[in-house]
Amino acid sequence: LTLLKNYFKEFLISAGNSDILITAHESPKADLDLEYAVKQPEPGKTKIKDEFCNLADGRVVYKRLTGMTFVFGGGENIAIGPCMENSNQLINFINNQFIAYKLNHGCYLGHAAGVLENGRGIAMAGFSGMGKSTLALHLMSRGTTFVSNDRIMIEAGNDSLTMYGVAKQPRINPGTALNNPDLTCIIDPEDRKNFIAMPKEELWELEHKYDALIDQCYGKDKFVLKAPLDGLVILNWQRDSSETVIKKVNPQKRKDLLPALMKAPGLFYLPDSPENEINPDVDGYADFLSKTTLIEISGGVDFDKAADACLKFMWKGKI
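The numbering of the sequence shown is the working numbering, which starts it at 236 and goes up by one.
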């Protein structure tokens with residue numbers, strides 16, 4: 236409980252009525268005597284991590300690598316197993332229930348990072364490895380407030396959009412940390428030497444993650460979970476020396492960009508009504524995004540130029 240309180244410390248409120256109840260039960264691996272189906276890994280990945288069993292009023296998810304079991308549905312959200320050893324999975328379970336709650340209240344799920352400045356919010360999405368989290372942290376180093384690292388839930392108003400973030404601290408690769416002075420503290424000095432010696436291409440592709448706690452790297456009161464979605468940036472650039480191109484685009488005419496944002500909810504989402512059982516398609520996202528400004532950044536990778544454009548947009552409403 237102390238670990239969870241520390242992780243979520245920026246979002247704690249006094250005890251009162253809650254919308255979601257989650258309980259965690261420390262125990263050895265639980266055998267519920269269920270016949271599980273295998274959750275196939277996502278494209279590009281090979282390791283099977285999850286098994287699941289659908290119940291009449293819920294779902295059970297079993298984590299192969301840790302022995303954690305998660306039971307949810309019908310108002311119950313239960314974590315069973317070696318919780319103390321696997322606090323990260325417990326944190327993910329808590330956040331997944333918040334995501335499910337927002338989706339069941341009409342939000343669209345987005346695979347994006349988000350920041351807030353001058354009362355205006357901007358989200359950043361991109362095809363795999365484009366650097367949306369890196370751009371968000373570059374913007375944090377310029378004084379913005381963090382909203383989310385990897386997922387947003389988008390809510391439509393009459394003529395505007397709101398984004399909700401997820402209380403998940405960023406997990407970043409070494410290249411991101413090395414190129415941001417605010418993040419150098421999270422890398423051990425010896426590791427830092429090794430990473431600096433690597434070729435840039437190898438460093439970019441390296442699968443090695445560090446936790447970057449927002450309050451430790453950027454100070455207190457720099458993480459909120461709700462902001463207007465005034466703009467959405469799609470990173471569609473490549474690692475070469477070509478000029479970076481930044482322009483506003485029409486979501487109805489550039490539906491090819493929208494899969495960078497679109498994200499299926501996954502195993503931990505249970506629709507609470509038949510209308511929520513169908514995931515929005517690209518046309519649905521295009522209609523949704525007509526209420527905000529869509530910005531494409533293409534050409535060569537230039538995080539400084541991209542950050543300049545994002546800040547200008549949040550302060551002046553133009554790029």
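It is worth saying that the hints were derived from the structure and are not from the lab. Take these hints with a grain of salt, some might be off.
PhoX-like cross-link-like pairs, simulated, lysine-lysine; straight-line CA separation at most 25 Å [as the list claims (entries may be wrong)]:
(1) Lys526 - Lys244
(2) Lys337 - Lys264
(3) Lys280 - Lys435
(4) Lys547 - Lys461
(5) Lys337 - Lys461
(6) Lys482 - Lys244
(7) Lys444 - Lys488
(8) Lys461 - Lys488
(9) Lys498 - Lys444
(10) Lys551 - Lys526
(11) Lys526 - Lys461
(12) Lys298 - Lys274
(13) Lys282 - Lys403
(14) Lys482 - Lys403
(15) Lys337 - Lys435
(16) Lys264 - Lys282
(17) Lys240 - Lys551
(18) Lys403 - Lys240
(19) Lys457 - Lys244
(20) Lys240 - Lys526
(21) Lys498 - Lys337
(22) Lys553 - Lys240
(23) Lys526 - Lys482
(24) Lys553 - Lys337
Since the structure is predicted, the reported quantities are computational estimates derived from the model, not experimental observations.
CA of Lys526 to CA of Lys461, is that 25 Å or under? holds, 17 Å
Between Lys461 and Lys488, is the straight-line Cα distance small enough, at 25 Å or below? violated, 29 Å
Lys553 and Lys240: Cα distance at most 25 Å? violated, 40 Å
Starting from Lys337, check that the Cα of Lys435 is at most 25 Å away, please. violated, 39 Å
Given the proposed pairing of Lys526 with Lys244, does the C-alpha separation stay at or below 25 Å? It is violated: about 33 Å lies between the C-alpha atoms, which goes past 25 Å.
Check whether the Cα positions of Lys240 and Lys526 lie no farther apart than 25 Å. Violated. Lys240 to Lys526 sits at ~37 Å, over the 25 Å cutoff.
Does Lys461 sit within 25 Å of Lys337, going by the straight-line distance between their CA atoms? The hint holds at about 12 Å.
Hinted pair Lys498 and Lys337, Cα distance within 25 Å: holds, 14 Å
For a C-alpha distance cap of 25 Å, please report whether Lys482 and Lys403 respect it. This hinted pair is violated, its Cα atoms lying about 30 Å apart.
Given the proposed pairing of Lys240 with Lys551, does the C-alpha separation stay at or below 25 Å? Between Lys240 and Lys551 the Cα gap is close to 38 Å, so the pair fails against 25 Å, i.e. violated.
Does the structure keep Lys498 and Lys444 at a Cα separation of 25 Å or less? holds, 22 Å
25 Å Cα cutoff - pair Lys264, Lys282: Within the cut-off at roughly 20 Å; holds.
Violated hints, listed in ascending order, are 1, 2, 6, 7, 8, 14, 15, 17, 20, 22, 24; each of the other numbered hints is respected by the structure.
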